[in-house]
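Asks: Start from the sequences and build out the full structure, keeping to the hints where you can.
Protein chains in written order, with my numbering: chain C, 63 to 265; chain U, 147 to 820.
Warning: the hint list may mix true and false statements.
As the list claims (entries may be wrong) - Selected chain C positions facing chain U (in silico; Cβ < 8 Å):
id, residue
1, E135
2, R243
3, C257
As the list claims (entries may be wrong) - Under the rule of at most 20 Å between Cα atoms (straight-line distance), these lysine to any residue pairs were calculated in the SDA-like manner:
id, chain 1, residue 1, chain 2, residue 2
4, U, K471, C, F110
5, U, K471, C, S104
6, U, K444, C, R94
7, U, K444, C, R87
8, U, K471, C, I98
9, U, K444, C, I89
10, U, K320, C, M140
11, U, K444, U, L388
12, C, K233, C, S166
13, C, K193, C, E105
14, U, K466, C, R94
15, U, K471, C, L79
16, U, K320, C, L129
17, U, K444, C, E107
18, U, K471, C, E107
19, U, K466, C, K193
Keep in mind the hints are simulated off the structure, nothing from the lab. Backbone N, C-alpha and C fix where the C-beta goes; we use that ideal spot for every residue, glycine too.
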Amino acid sequence: MDAVPLCTNFQGGCHVLSLANLFDRVIQHSARMHGISNDLHSEFELYFLPKSQIGRVTRNCHTSNILTPNGKENAQRMARSDLTEVILKLLVAWRDPLWHFHQSMAHHHDFNNFSTNKSLEMSDMVHELRKGVQKVVEKMQMLGIISDSVSNMASPEARLASHSNGWRIMKDYDLLYCFRRDSNKVQNYLKILKCRIVPENGC
Amino acid sequence: MMAAKVLKTKIYKMAPHSPPLNNMLFPTQPQTNTQSSSVGDRLSSTAFPAHAAFFETDSQLASSAHSVRLRGTTRVVLLCCPTRGSSESSEPWRKTTVPFPAARNTMAAALTMLLFFLHILGSSALESGAGRVHPHLTGCVSANMETFHCRWNVGTFHNVSEPGDLRIFYINIKPVTASPENWRECPHYSTERPNECFFNENHTSIWTCYSVQLRSRDQAVIYDESLFSVQDIVQPDPPVSLNWTLLNMSVTHINYDVMLRWKPPRSADVEMGWMTLQYEVQHRNIGSDLWKVLDFVKSTHCSLYGLETNVNHEVRVRCKMLGGKEFGDFSDSVFVYIPSKVSRFPVAALLIFGALCLVAILMLVIISQQEKLMFMLLPPVPGPKIRGIDPELFKNGKLRELTSILGGPPNLRPELYNNDPWVEFIDLDIEEQNDRLTDQDTDCLMDRSHCSPVSIGFRDDDSGRASCCDPDLPSDPEASPFHPLTPNQTLIKESSCPPASESSSPVQSSTSTEPPAVDPGREAFYTQVSEVKPSGKVLLSPEEQTEGERNKANVMEKEKEKKEFQLLVVNADNIEYTSELNTGKICPKLSSGDLSEPSPKGAELCAAPPSSLGLNTTSPLPPAPVYTVVEGVDRQNSLLLMPNSPPAPQLIIPKPMPTPDGYLTPDLLGSITP
Chain C
63 MDAVPLCTNF QGGCHVLSLA NLFDRVIQHS ARMHGISNDL HSEFELYFLP
113 KSQIGRVTRN CHTSNILTPN GKENAQRMAR SDLTEVILKL LVAWRDPLWH
163 FHQSMAHHHD FNNFSTNKSL EMSDMVHELR KGVQKVVEKM QMLGIISDSV
213 SNMASPEARL ASHSNGWRIM KDYDLLYCFR RDSNKVQNYL KILKCRIVPE
263 NGC
Chain U
147 MMAAKVLKTK IYKMAPHSPP LNNMLFPTQP QTNTQSSSVG DRLSSTAFPA
197 HAAFFETDSQ LASSAHSVRL RGTTRVVLLC CPTRGSSESS EPWRKTTVPF
247 PAARNTMAAA LTMLLFFLHI LGSSALESGA GRVHPHLTGC VSANMETFHC
297 RWNVGTFHNV SEPGDLRIFY INIKPVTASP ENWRECPHYS TERPNECFFN
347 ENHTSIWTCY SVQLRSRDQA VIYDESLFSV QDIVQPDPPV SLNWTLLNMS
397 VTHINYDVML RWKPPRSADV EMGWMTLQYE VQHRNIGSDL WKVLDFVKST
447 HCSLYGLETN VNHEVRVRCK MLGGKEFGDF SDSVFVYIPS KVSRFPVAAL
497 LIFGALCLVA ILMLVIISQQ EKLMFMLLPP VPGPKIRGID PELFKNGKLR
547 ELTSILGGPP NLRPELYNND PWVEFIDLDI EEQNDRLTDQ DTDCLMDRSH
597 CSPVSIGFRD DDSGRASCCD PDLPSDPEAS PFHPLTPNQT LIKESSCPPA
647 SESSSPVQSS TSTEPPAVDP GREAFYTQVS EVKPSGKVLL SPEEQTEGER
697 NKANVMEKEK EKKEFQLLVV NADNIEYTSE LNTGKICPKL SSGDLSEPSP
747 KGAELCAAPP SSLGLNTTSP LPPAPVYTVV EGVDRQNSLL LMPNSPPAPQ
797 LIIPKPMPTP DGYLTPDLLG SITP
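Replies: This is the structure:
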């Protein structure tokens, strides 16, 4: 991709990123985020988890109340704006919990520095990814692909999810498991969205 | 799931000095349990010895009785076992501690063998005997994260072999939906393979929890249960269409590189990115069992470096979802084989041939340069090899002959060593000529063959000759002692002024005697002085010459003058007669400043000529020197000289004319006034 100069006014001759490029970037970002969450979850499971907790069925993630398509076909059938909203809701819902998770891990002496850095990176990534997706949404709205009603902040569900304190009582392992699942969702939803909006070969 | 209960622990054997123990019996409570959990029960006995390390045994429970050997233990903890079939076993391990009284067995009493019989009843009532395997789920696997299937194994039970005896029920927990979930039966029992339940896209939801149970026909018994989420059980299908292409071959045709390509499994939706795969390539030689594993690659190609020719390689690939836990199956192996085309036999033959050629060349060089090599390798022995002298003389001890031979001129000695380069001869510097001039002198005086005039004096210094046999350089006329002396010529007796004073006396005596007969053929040794220049330089001419030759010789001599002669003029002031020829005595090696030092005899000799010389240097060279022939040697070893009759013109010596410098014949003796 060409280097993009910082444009204050993109009508002044700046080279603007295409939507496909933006999608590629956020997809790469989400893939990396999922990778980190997967690593953290594996480490936690390997080193810190007592064996009694493996295989527990009930995992009530605090994002469980967000309606998400649970399959490829469901996601493909979903409206683009709805799908975009789901993505944003998920990202918003995880900002605070991950930050607090990192704080608790930093004080936890069992975690080594490597894992602590990963948790910090993870929480930063969620924040960055949300901003990236926000940019994509703005671009799409500008292009008229989706309606202007999509807004991450205004949705009551999002606010509910982000302000719900359900995550505070979650244990660390469950939190990691939930985030691993949700990051996988975000990654796949973004891929489906890109395929539908800027179709390439293979979609 | 109920835990196994330890029924009975019986101590089988105790160490002799430990207190006796009672048999410990535990109440047995067989409990019927609808949930099958005894399959795969594992007995783990953990012994906590008081002193020693942790000791754990794991053994699959095949029977309800199990004996464990424990050494020096104080306590046995029995842990039991969730089911084996489920991927997420939910029940913890149950612990039952079996203490037994502290046997004070120290480590020193090492051979404490305790055998326990642990009777454990399976919790399942259906397990009436030992060795029964329950029907169990072998696993639920999704290949593409859109569908999945569950497979089970009937075990060893007899009454469930018919299809339909075992049924799958599942429940999908979606927390959002408020409607109560019901257990539903398998949507599709696979027809391709038995004991498999397939869930298609409609019945598959990702990111939700599934609980799958294996029940009996009447749903009375639950044999197995499994809990999972679909994204966690993804095992992709193996890659397809493996092929390899040759990248490059090494120069020696021993190794080569190969590019391996494949395609992702068709079931995985990689194009859209629904599944992101990473691949693992393994290869091995056919003969070995060890697979070499390469690092993960995300692309569908991989390079294999350093494969060997003439070896059959087997390559296989498997893939895993990025972020997934388990790999899929391996692909079909592809075989890579490249025969080495260039046989090594010519190379070896070439090497041998080249080595042989080198050896042959070396031999040729050695043989052709044998002499030089011999000289280099075997340097000349600096033994007593003197030219002209048989080394046998040294051995035989015939010193008389030896000295006689040594007294002779070097060039006249018999050539015993024909220019052998590796024989190095010793330089002879003979100082005491009196001691050596014995028999040889007699022979020479008697004018016998191979005889040379008495060597008046060997030069005593080392003037750089390789051996004493080298002919003297003409530039050093003083070195040749055999100058022909003519009485009526101006001869400078160089020998009369030797550098060393010690030889002056013999020189004197010899000058008073007749000069020895000279073999006219030995022209190299005899030179007469033809002219003495005013500058003091002396011109020597060869012995037998005609006048014309002499003129030529004169010319030649003059030309050679500068090269040859560099005699110092000494004491020119003493010359009384001013003549063209400055007959200042020529005493080489005695500078004018040193004249005060030479021996009085030498000085006298030198001084004598000026007074007695009537020089006629402009006269042409005398035709022939005048020699006195020695007639014989009398008994007292004195020479008997014949009065010689020189040619008249030569012998005409005018009275006032001086005799040749320092050379006085007996005839002239009388004419010389003292």
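Asks: Next, verify each hint and record whether it holds.
Replies: Hint by hint, here is what the structure shows:
For E135/C, the interface hint holds, since its Cβ comes within 8 Å of a Cβ in chain U; the closest pair sits about 6 Å apart. Proximity of R243/C to chain U holds as hinted, the smallest CB-CB distance being about 5 Å (cut-off 8 Å). Because the closest C-beta pair between C257/C and chain U is about 5 Å apart, less than 8 Å, the hint holds. The hinted pair formed by K471/U and F110/C meets the criterion: a straight-line CA distance of about 18 Å does not exceed 20 Å.
Of the supplied pair hints, the one linking K471/U and S104/C holds, its CA atoms being roughly 9 Å apart against a limit of 20 Å. Simply put, K444/U and R94/C have alpha-carbon atoms about 14 Å apart, close enough for the 20 Å limit, and the pair holds. With a C-alpha separation of about 18 Å, the suggested pairing of K444/U with R87/C holds against the 20 Å cut-off. Only pairs whose Cα atoms come within 20 Å are accepted, and K471/U paired with I98/C is accepted, the gap being roughly 14 Å.
Of the pairs offered as hints, the one joining K444/U and I89/C holds, with about 16 Å between alpha carbons and a cut-off of 20 Å not exceeded. A threshold of 20 Å between alpha carbons decides the hint, and for K320/U with M140/C the separation of about 18 Å falls inside it, so the pair holds. Note on K444/U and L388/U: the hinted pairing holds, with a Cα-Cα distance of about 15 Å set against a maximum of 20 Å. This hinted pair checks out: K233/C and S166/C have alpha carbons roughly 11 Å apart, not beyond 20 Å.
About 28 Å separates the Cα atoms of K193/C and E105/C, which puts this hinted pair outside 20 Å; it is violated. With a C-alpha separation of about 17 Å, the suggested pair K466/U and R94/C falls inside the 20 Å cut-off, and the hint holds. Distance restraint check for K471/U and L79/C: the Cα-Cα separation of roughly 36 Å exceeds the 20 Å cut-off, and the hinted pair is therefore not satisfied. Distance restraint check for K320/U and L129/C: the Cα-Cα separation of roughly 10 Å lies within the 20 Å cut-off, and the hinted pair is therefore satisfied.
A distance of roughly 25 Å separates the Cα atoms of K444/U and E107/C; the hinted pair therefore is violated under the 20 Å criterion. Between K471/U and E107/C, the direct Cα distance comes to roughly 12 Å. Compliance with the 20 Å bound is thereby established for this hinted pair. Straight-line distance between C-alpha atoms of K466/U and K193/C comes to about 31 Å, which puts the hinted pair past the 20 Å bound.
Checked against the numbered hints above, the structure violates hints 13, 15, 17, 19; every other hint is satisfied.
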